[in-house]
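Same order as they appear, the protein sequences are chains G and Y.
Heads up, the first sequence is in the numbering used here, so the first residue is 1 and it goes up one at a time.
Heads up, the second sequence is in the numbering used here, so the first residue is 1 and it goes up one at a time.
Hints were generated in silico from the structure; no laboratory data involved.
Treat the hints loosely; a few may be bogus.
To be verified - Have a look at the derived ranges for each label pair, beta carbon to beta carbon: (1) G/E89 with Y/K326: 46 to 54 angstroms; (2) Y/P205 with G/K2: 51 to 59 angstroms; (3) Y/L20 with G/E89: 55 to 63 angstroms.
To be verified - Restricting the straight-line Cα-Cα distance to at most 25 angstroms, the calculated cross-link-like pairs of lysine-lysine (BS3-like) are: (4) G/K132 with Y/K200; (5) Y/K5 with Y/K32; (6) G/K257 with G/K13; (7) G/K87 with G/K132; (8) Y/K172 with G/K81; (9) Y/K333 with Y/K32; (10) G/K264 with G/K243; (11) G/K81 with Y/K200; (12) G/K135 with Y/K200; (13) Y/K33 with Y/K9; (14) Y/K5 with Y/K155; (15) G/K52 with G/K13; (16) Y/K348 with Y/K155; (17) Y/K73 with Y/K5; (18) Y/K172 with Y/K155; (19) Y/K252 with Y/K155; (20) G/K5 with G/K18; (21) Y/K66 with G/K78; (22) G/K243 with G/K87; (23) G/K85 with Y/K342; (24) G/K87 with G/K23; (25) Y/K33 with Y/K155; (26) Y/K5 with Y/K33; (27) G/K85 with Y/K155; (28) G/K81 with G/K5; (29) Y/K200 with G/K78; (30) G/K128 with Y/K252; (31) Y/K252 with G/K88; (32) G/K23 with G/K192; (33) Y/K200 with Y/K269.
Quick reminder that beta carbons are idealized off the backbone N, C-alpha and C, glycines included.
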Amino acid sequence: MKNIKLVALSGSKRTIVKVDGVKIGEGFTVIAGPCSVESEEQTLETARAVKKAGADMFRGGAFKPRTSPYAFQGLGLKALKILEKAKKETGMPIVTEVLDTRDVSWVCEYADILQIGARNMQNFSLLKEAGKSNKTVLLKRGMHSTIEEWLNCAEYILNEGNPNVILCERGIRTFETYTRNTLDLSAIPAVKELTHLPVIVDPSHAVGKVSLIEPMCLAAVAAGADGLIIEVHRNPTEALSDKEQALNPRQFSDIMKKTRALYKYVTELRG
Amino acid sequence: MELQKMRKKIDLIDYEMLKLLNQRMEYVLRLKKLKSSVTDTDRELEVFQHIRRFSQHLIKPEFSEKIFREIIKESKRLQEQDIKVVGFQGEHGAYSEVAALSYEPALVPIPCVDFVDVFEGVKNNQLDYGIVPVENSLEGAVAQVNDLLIETDLKITGEISIPIHHHLLAIKETDYRDIRVVYSHPQALAQCHGFISRNKLDPRPFYDTAGAAKMLAAKGARSIAAISSALCAELYNLDIIKENIEDHESNKTRFLVLSAEPSKAAGNKCSMIFQTRHEAGALFRVLRIFSDADINLTRIESRPVRKEPGQYAFLLDFLGSDTDAKIRGALEKVKKETAMFKFMGCYKEAVK
Chain G
1 MKNIKLVALS GSKRTIVKVD GVKIGEGFTV IAGPCSVESE EQTLETARAV KKAGADMFRG
61 GAFKPRTSPY AFQGLGLKAL KILEKAKKET GMPIVTEVLD TRDVSWVCEY ADILQIGARN
121 MQNFSLLKEA GKSNKTVLLK RGMHSTIEEW LNCAEYILNE GNPNVILCER GIRTFETYTR
181 NTLDLSAIPA VKELTHLPVI VDPSHAVGKV SLIEPMCLAA VAAGADGLII EVHRNPTEAL
241 SDKEQALNPR QFSDIMKKTR ALYKYVTELR G
Chain Y
1 MELQKMRKKI DLIDYEMLKL LNQRMEYVLR LKKLKSSVTD TDRELEVFQH IRRFSQHLIK
61 PEFSEKIFRE IIKESKRLQE QDIKVVGFQG EHGAYSEVAA LSYEPALVPI PCVDFVDVFE
121 GVKNNQLDYG IVPVENSLEG AVAQVNDLLI ETDLKITGEI SIPIHHHLLA IKETDYRDIR
181 VVYSHPQALA QCHGFISRNK LDPRPFYDTA GAAKMLAAKG ARSIAAISSA LCAELYNLDI
241 IKENIEDHES NKTRFLVLSA EPSKAAGNKC SMIFQTRHEA GALFRVLRIF SDADINLTRI
301 ESRPVRKEPG QYAFLLDFLG SDTDAKIRGA LEKVKKETAM FKFMGCYKEA VK
C-alpha cells in the first residue's frame, strides 16, 4: 500500500494505546454509552449501568453530525461538563466526537479520547488538529471509504506527532437497505495485516437494528477485533437520536457476558 | 428586540444600584464602633439635606426622602445587630473573602484596597478582624503581608488554609470558541499556564482575580474571559466555562486572622517575630531553645527589616500553647537571646 509509512506494520510490534489505566490493543476493550448526552440524569444513569455491566470506557456525543440541520445537534459544552461528571463518578475514561477544528483544544480539556466520525474521516484539517493534540484519537472508517483511504487518514494523525490512534470499523454503504450499513468484518483481519494500530468495531451504526447487534459483537470477537463501541441508552424509546440501534442496559449486560466468554475461548484457541 | 435591549440596560442599572447600596451598608457597619449611639439625629438631618440638594430631573426631593428613610432604617437595624466585620484585600469574590467565609461564615467580609488598609482598619477599630494571605504552597511567602506583620501591633487569633481553585469565567451565553483574551492576577495566570497555552489564549495581567471578574461583568465583552474563584461567578453573574484549570491540583494558601486583642480561646499553635543581635551563632542559639524544649516548628521565614537596612527579622510558627509551662519557659529564654521579640498570638491550628 502506497504512502502508508507510520501506520504500517513492520515486524510484530503492535501499538498498545494507554488511556487512564485502560489498555487498548491488549485484551478486549468495551466502550459503551448513549449516542447523545441529553441530560445529566440520563447520562449518569447510563454511565452507572454500563459500568456495572463491565464497560471499560464511556461514550457520549456532545456535538452531533446529523443528516438534517433540524435534528438534535447536541448540547455542546454543557454535554462536555456532564461527561466530566460521569468520569468523576464512575472512573471510566470518556470518548466523545469532535466535529470542528475550533473545538479540538476544548474537547481535550474534558475527554480522554477524541472520536473522529465516519462523516469526517477525510476532514484533513480536523485530522491534523487532532494529530497535534495530546489525546488518543478514535478514527472511524468513512461509510464509503476503502481501507487504503482509511489508513491514509490515520497516517495524517501520526504524521502530526500523535502516535495514539485506534481504528474503528462501523460499516460501509452497499446496495443493501435492510441494515443501516454493511459491517465489513473482513476489514478487521485486513487492518491487522497492514498496520500495528488497534482496531475496534461499532456494531450499532453498522446494523442500525438492536436485534442484529449481538451476533455482530460475537463476530467481531471471532474476527480478531481489539474491542467494541456500542450505543446504550437507559431507555432507548425516549432517546433523542439513534433510538432504533440503542441497547437497554439489560441487553448490553447480556451481550457483555457472552462477548467476554467468547473472547476468552477465542484467545485460548489461538494460543 | 429593542424592548429586550432596554430591559437589559435597566437590569444592569438595578444591579449597580444594589451593589452601591451594599457598599453603603459596609461603611455603615465600619463606622458603627466610631460613634457613641446608633441614632445620630444631626447626621440624619445632614443626609436628608444632602439628598434633597442632589435630587434632580425626574427624581423629586420627596421621592428621595422616601427611599432614604428606608435606607437609614435598614442601616440602623444592621448597626444594632451584633455583626462582626472582617477586612480583606481585593474586590468581592477574592480568594481572601473565600477564606474569610470558610473560617467563619457569620463574619461579614469588607473589601479593602491594599493589605495595609486591612491592618489599619483593624487597628482603628473599624474592622473586628482582618484576614490576610501569608504563604502559598506554590509561590511561597506573600512579601507585603510578612513585612506588615513585622511592623504591626495586631495579634494573630486564627489561621485557615484553603485550596485555591481557578475557574475560567465569561459573561452568560458566551461561545467558548470566541474567547481570545483572558484577564487575571499574574499569579493566577502563571498557575494556569498549561490551560492558557493549550487553548491558545492571550493572557493579560490584571490587578486582582476578582477585579478581573468585576471588569468582565461591567464591560460585557464576549471575546474575553477572567480567571477567578467560583464565588466571583456567583457575585458577578458570570458563567463558569471551565472549572479547575490550574496546572497543579495541590495549590493552597494559608491565611492569618488578625485582631487588636489576643484570642481568648485556647490555642495549639503560636506565632512570633524576632531579630537577633549581630553576632556569630545568634540565630542558632534561639533555634536551639526550641530544639532543647522539643517544640515543633512549622514555619520559619526571614525578611529584611525595611527601616533598618542589613537587619533581618525572623517569623517563626510552632506547635504548642502559650499557657503551657514548657512553652512559657522557652519563650522567656528566647526573649533574653534576641534584640527584638514580639509574640504574635496563640490560636487554633488550621485543619489540613
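Against the structure, the hints:
1. G/E89 with Y/K326: 46 to 54 angstroms: 49 angstroms, holds
2. Y/P205 with G/K2: 51 to 59 angstroms: 52 angstroms, holds
3. Y/L20 with G/E89: 55 to 63 angstroms: About 43 angstroms separates the Cβ atoms of Y/L20 and G/E89, which means 55 to 63 angstroms is violated.
4. G/K132 with Y/K200: It holds: about 13 angstroms lies between the C-alpha atoms, which stays within 25 angstroms.
5. Y/K5 with Y/K32: 41 angstroms, violated
6. G/K257 with G/K13: Not OK: G/K257 and G/K13 at ~30 angstroms, beyond 25 angstroms, violated.
7. G/K87 with G/K132: Roughly 24 angstroms between the alpha carbons, so the hint for G/K87 and G/K132 holds.
8. Y/K172 with G/K81: Holds - the C-alpha atoms of G/K81 and Y/K172 are around 16 angstroms apart, at most 25 angstroms.
9. Y/K333 with Y/K32: This hinted pair is violated, its Cα atoms lying about 42 angstroms apart.
10. G/K264 with G/K243: 31 angstroms, violated
11. G/K81 with Y/K200: Measuring from Cα to Cα gives roughly 21 angstroms; hence the hint holds.
12. G/K135 with Y/K200: With a Cα-Cα distance of about 17 angstroms, the restraint between G/K135 and Y/K200 holds, given a limit of 25 angstroms.
13. Y/K33 with Y/K9: 38 angstroms, violated
14. Y/K5 with Y/K155: 52 angstroms, violated
15. G/K52 with G/K13: Cα-Cα ~33 angstroms, so violated.
16. Y/K348 with Y/K155: Holds, at roughly 13 angstroms.
17. Y/K73 with Y/K5: 35 angstroms, violated
18. Y/K172 with Y/K155: It is violated: about 43 angstroms lies between the C-alpha atoms, which goes past 25 angstroms.
19. Y/K252 with Y/K155: Between Y/K252 and Y/K155 the Cα gap is close to 23 angstroms, so the pair holds against 25 angstroms.
20. G/K5 with G/K18: The given pair, whose Cα atoms are some 22 angstroms apart, holds under the 25 angstroms limit.
21. Y/K66 with G/K78: 46 angstroms, violated
22. G/K243 with G/K87: Answer holds: G/K243 to G/K87 is near 24 angstroms, not above 25 angstroms.
23. G/K85 with Y/K342: 50 angstroms, violated
24. G/K87 with G/K23: Holds, because 17 angstroms separates the two Cα atoms, which is no more than 25 angstroms.
25. Y/K33 with Y/K155: With Cα atoms ~19 angstroms apart, Y/K33 and Y/K155 stay inside 25 angstroms; holds.
26. Y/K5 with Y/K33: 44 angstroms, violated
27. G/K85 with Y/K155: 44 angstroms, violated
28. G/K81 with G/K5: 38 angstroms, violated
29. Y/K200 with G/K78: Roughly 21 angstroms separates the two Cα atoms, so the pair holds.
30. G/K128 with Y/K252: Roughly 38 angstroms between the alpha carbons, so the hint for G/K128 and Y/K252 is violated.
31. Y/K252 with G/K88: Distance of about 22 angstroms is within 25 angstroms: holds.
32. G/K23 with G/K192: Within the cut-off at roughly 17 angstroms; holds.
33. Y/K200 with Y/K269: 45 angstroms, violated
Hint check: violations occur at hints 3, 5, 6, 9, 10, 13, 14, 15, 17, 18, 21, 23, 26, 27, 28, 30 and 33; the rest are consistent with the structure.
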